[in-house]
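S.K.: Spelled out from the first residue to the last, the chains are:
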Amino acid sequence: MSSSGAVIHRTARGRRLRHVAVDAVVYVLLLIGLLSVILPFVYMVSSSLETAVQIGSLTPQFVPSPLTWTNYQQVARELPIARFYLNSAIVSIIITVAQLLTASMAAYAFARLRFRGRSTLFALYLGTLIIPSQVTLIPNYLIVRELHWHDTYAGLIAPFVVSVFSTFLLRQFFLTIPTDYEDAARIDGANHWQIYTRIILPLARPALATVVILTFLASWNNFLWPLVVIDSPSLKTVPLSVTAYQDQFAIAWGPLMAAATLSLLPVLIVYVLMQKYVVEGIALSGQGGR
Amino acid sequence: MRPFAPSIERLQVSMARRRSSRPGEHRKRGDGRAAILFLLPDFVGFFVFTLLGVIGTLVISFTHWDLVRAPTWLGLENYRTLAGDPLFWQVVKNTASYTVAVVPISTALGLLVALGLNRRLPGTVVLRTAYFAPFITTLASAALMWQWIFDPNRGLIDSYLYMLGVSNPPAWLNSSVWAMPALIIFGVWRQIGFSMVLFLAGLQSVPRPLLEAATVDGANAWQRFRSVTFPMISPTTLFVVIISTIGSFQLFDQAFVLTSGRFGPDNATNTLVGYLYQKAFVDLNMGEASATAWALFIIIFAATIIQLVAQRRWVHYE
Amino acid sequence: MDNASDIDQLVDEASAGSMSRLAFITRALALGLSTSAVATLLGDVEGPISAFAAKAKGNISFSSWGSPDEQTTINKVLDVFHRRYPSITVTPRLASWTDYWPKYNADVAAHSTADVQFLTLVPGYAQKGALYELRGLLKKHNKQLPKGYTQAQLELFEYKKGLFGVPRDNDTKVIFYNKKLLSQAGVKAPKSSWTYDDLRALARKLTIRQGDRVVQYGYAFETGQWDLYIWQHGAELFDSDQTPHKLTFDNASAAAGIQFMANLINKDKVTPAASQIVDSTNIGPLFAGGQLAMAFGNHALVPSFTSTPGLSWGVVGMPHFKGHKTVNVAGGAGYTISRWTKNINASLQFWEFITGSTASLIFAGGNDIVPNNPKALHSKQWLSKPYNKVFTQQTKLGHDFPSFPQWSDVSNAVAAALDKAWTGESTAREALHAAVGPAEKALKG
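Protein chains in written order, with my numbering: chain A, 167 to 456; chain B, 141 to 458; chain C, 17 to 461.
Everything labelled a hint here was simulated from the structure, so no lab data went into it. Check before you lean on any hint, since a few could be wrong.
Derived DMTMM-like pairs (lysine to aspartate or glutamate); straight-line CA-CA distance at most 20 Å [stated by the list, open to error]:
1) C/K460 x B/E217
2) C/K358 x A/D317
3) C/K283 x C/D214
4) C/K460 x B/D225
5) C/K155 x C/E174
6) C/K457 x B/D225
7) C/K358 x A/D346
8) C/K460 x B/D206
9) C/K144 x B/D423
10) C/K457 x C/E149
11) C/K457 x C/E252
12) C/K460 x B/D423
13) C/K457 x B/D206
14) C/K176 x C/D214
15) C/K358 x A/D397
16) C/K412 x C/D257
17) C/K457 x B/E217
18) C/K457 x B/D393
19) C/K341 x C/E446
20) C/K283 x C/D257
21) B/K233 x B/D357
22) C/K176 x B/D206
23) C/K176 x C/D257
24) C/K457 x C/E441
25) C/K412 x C/E252
26) C/K144 x B/D206
27) C/K221 x C/D284
Taking the hints into account, I'd like the entire structure generated from these sequences.
M.R.: Pasting the structure below:
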């Protein structure tokens, strides 16, 4: 892309001006949308700092006055919240790491290897996604009890070490990675494991970061499975701190909002940390426009 | 745009060339051994905790099982019961109309937001987090907020409509006609963050030099999107569409919390999984619940096949 | 709660015989227990442990739902039990109402439900064979069913003449009113002899609007309690609430009860929109927030109201329709024993204790429920709170609650059809008529 310097200069400036204008329009639109997406989020945080009287108000107050911490104190007093966090952290981290490994390996096979029955097996994987978890819950619980893993960390973790969702996600992303690098590596005698670890995984960092975000979020928020598989209070997880306040006749909205706000913090932190990898221009920017 | 036409052709040729070199296709031998090793860890977990349970529900769907007494064989009876239940067909219709509305809208909006946030603008980290927030906000608290937004006597939307002079604004959750649109708005609001984060990741595999080359060749933003970005992210789009379709067909939690567990009025917001949940956990009729799951399977399977057939026309793999 | 361990210690010291009767009573009163509670506790402390109880030992589990607040009361009961029967250890499985049911049903499938359980919809589980039949069990061990329960109270726990549980509490409904909002509107507090027309007139005076927006509602009731409004208008749901063969609500009398309530929402507009009043979970906060003058509800709302600073409230019994009797709800949840328990002796011992008057009094003190144990319901400790007198009086007006395995199915079918009456999209008469088909189907199971 080299031609006479003056022409490039003129079009480049015009392009930059247009760019700024487009950026400004996009920015304004995004800011307008912002209000509608975060209003419920703001509402949750602000009502966690309100008294029952304020929450019961017909018109929500988005800036509580006066501010009160009593809901957080009540949650801390009534629930072993630190223990819940420890359990959730252990479970979610192990599940996330395990899924990164199992799903990326299987995705490599589905996206890059040629073997008999590949499409049939993949269709089988996809097919199981359709059956809702509400109906496999009880068969799975019976399996876990058969294995005597109920009321243990193993029971909380084992069913989620593998995820069809993550496998599918990574397979789709691997398919968008150009084969050029691998072809070169293969000529240099690289085997599949080397291609997987040295080429595919580094190139797939945005996708892997996405898997971390979504898997961590899903296992952190997982509610029904821990509820069913755990009896001991010492093994309960964070989502149960929110539902603890949803009783038959009365929902304690203040403590519920406080527990909900607290339960979101780790997910937000993981998201903020990971999103920079999601949007990291991947190594292949160097090539392409041939 | 005339001047750009040759360049588009050039790009398409280059991509077609790449497409023809699909993985492994130049090799004669299969990768069977490697495939087994790469798949094994995933498959073991998949088999024990997914496939067994799924097969279990298939078997149960042909039986009567009340959880306590041993299942008794019924053959196709549960499926016949479903087919004869008007409520079943109503929830199928509800779920389908929810899906038909939410999937395209949330996918398109998610893509738009991702395109906007893929720029290097100040404050994008905050914006990216904000747009993801609906997807992670605890449902119970989000639902409380939306119940207020939709309230006919004091809610945000109807108060605004009154101000605009609308004398008879929708009753939203208090109307069998408007409850589903309310649920759809809630669903789109929640789903945007999910498709956005996937599209953001997908957009990273669009090589910038390719876009720059297109710009130099005089392509405007829409042309760049049509001829470069969209084809390059189409596997991501396919993923988003399939997962959102399955997710929408499995809608349960959101309808449950928004209607205080009632799926009302008069089942206007009841869904297939809501119906299934009632059978499984209230009636303890696991046979019919499992049959409902497999009816869902058949419906989604058909929808997926249509998508997969249609994808040949718009999805491009590297 | 320190109180629990204090009671615990007190019982402990008393049973060691190191304390005079007077000292025991004085200290128990200081802990906030009334004389009758103390007396019952004392009976437990001094009474000999039976030969049966001496045999019972080991670990058992106990499942119950309740708010975190209610769970502290349950733990208090367990503390006292462990003091009294040190050879038995009860491991609690406590959860909120929302969490309780998926877990309970999964455990039913795995035959691993807790040995002793707090349960509702008992006939359905009894029919499937998940519960122990108690009359036979008690007879086998030469034990008596606790006296004083009415037949109506026990019917909720019966299936084909077998008894599978006894009630802990009664779901008695009352109307809470905000004293400040009433005096601001210049109206007097209602009396328990009032009619629904009185309620309507009062609610209209107590509703405040600004333009099209409601800023204060007069009255809120639960649409989920539709059965009560039918009974209150002198109609019945079935030919029999235990062994129904026929639906009896497709008529003008039943419809009139529902229509009156629906008009409060859609015509008079003194009640929040139907979507907001499915159950008491939104009504409670609205009342506590001072934006609702009168609220329908049960004793579960009391703790949140007492803990709201500046909220001054009173309680009045249910109104009646002119020409009809005052009717309330009878029945509540109760205690059952798992069919799959591996330690029936310890389970029975604990079941006896938790259904007994000591446990009932501790629950009554917890302020979340109306006790169903006859001794506790009429105890001085319970009646010392003025509002509890209204609860006790209203409990006597309870209508037999349907108790047959398909009830929850039938109830869901009718409730769905009634939605359109609550939203004003159809009349109550039309909605009830539309309910007949699905309800009959559900009744046949």
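S.K.: Would you mind confirming whether the straight-line C-alpha gap from B/K233 to B/D357 stays at or under 20 Å?
M.R.: Distance ~48 Å between B/K233 and B/D357 Cα, so the pair is violated.
S.K.: Hey, C/K283 versus C/D257, does the alpha-carbon distance stay inside 20 Å?
M.R.: Given that 20 Å is the threshold and the Cα spacing comes to 33 Å, the pair is violated.
S.K.: Do the alpha carbons of C/K358 and A/D317 lie within 20 Å of each other, as the hint requires?
M.R.: holds (19 Å)
S.K.: Run the distance test for C/K457 versus B/D393: straight-line Cα separation, threshold 20 Å.
M.R.: Roughly 27 Å between the alpha carbons, so the hint for C/K457 and B/D393 is violated.
S.K.: Keeping to a limit of 20 Å between CA atoms, is the pair of C/K412 and C/D257 held or broken?
M.R.: Holds, at roughly 18 Å.
S.K.: Going straight from one Cα to the other, do C/K176 and C/D214 come out at no more than 20 Å?
M.R.: violated (43 Å)
S.K.: Decide if the proposed pair is consistent with the structure: C/K460 and B/D206, CA atoms, cutoff 20 Å inclusive.
M.R.: holds (16 Å)
S.K.: Given the proposed pairing of C/K457 with B/E217, does the C-alpha separation stay at or below 20 Å?
M.R.: holds (16 Å)
S.K.: Mind checking the alpha carbons of C/K457 and B/D206 for me, to see if they're no more than 20 Å apart?
M.R.: holds (18 Å)
S.K.: Verify the proposed pairing of C/K460 with B/D423, using a straight-line Cα cut of 20 Å.
M.R.: holds (13 Å)
S.K.: Do the alpha carbons of C/K460 and B/D225 lie within 20 Å of each other, as the hint requires?
M.R.: Within the cut-off at roughly 14 Å; holds.
S.K.: With a cut-off of 20 Å on the C-alpha distance, tell me whether C/K460 and B/E217 pass.
M.R.: Distance ~17 Å between C/K460 and B/E217 Cα, so the pair holds.
Checked against the numbered hints above, the structure breaks hints 7, 10, 14, 18, 19, 20, 21, 24 and satisfies the rest.
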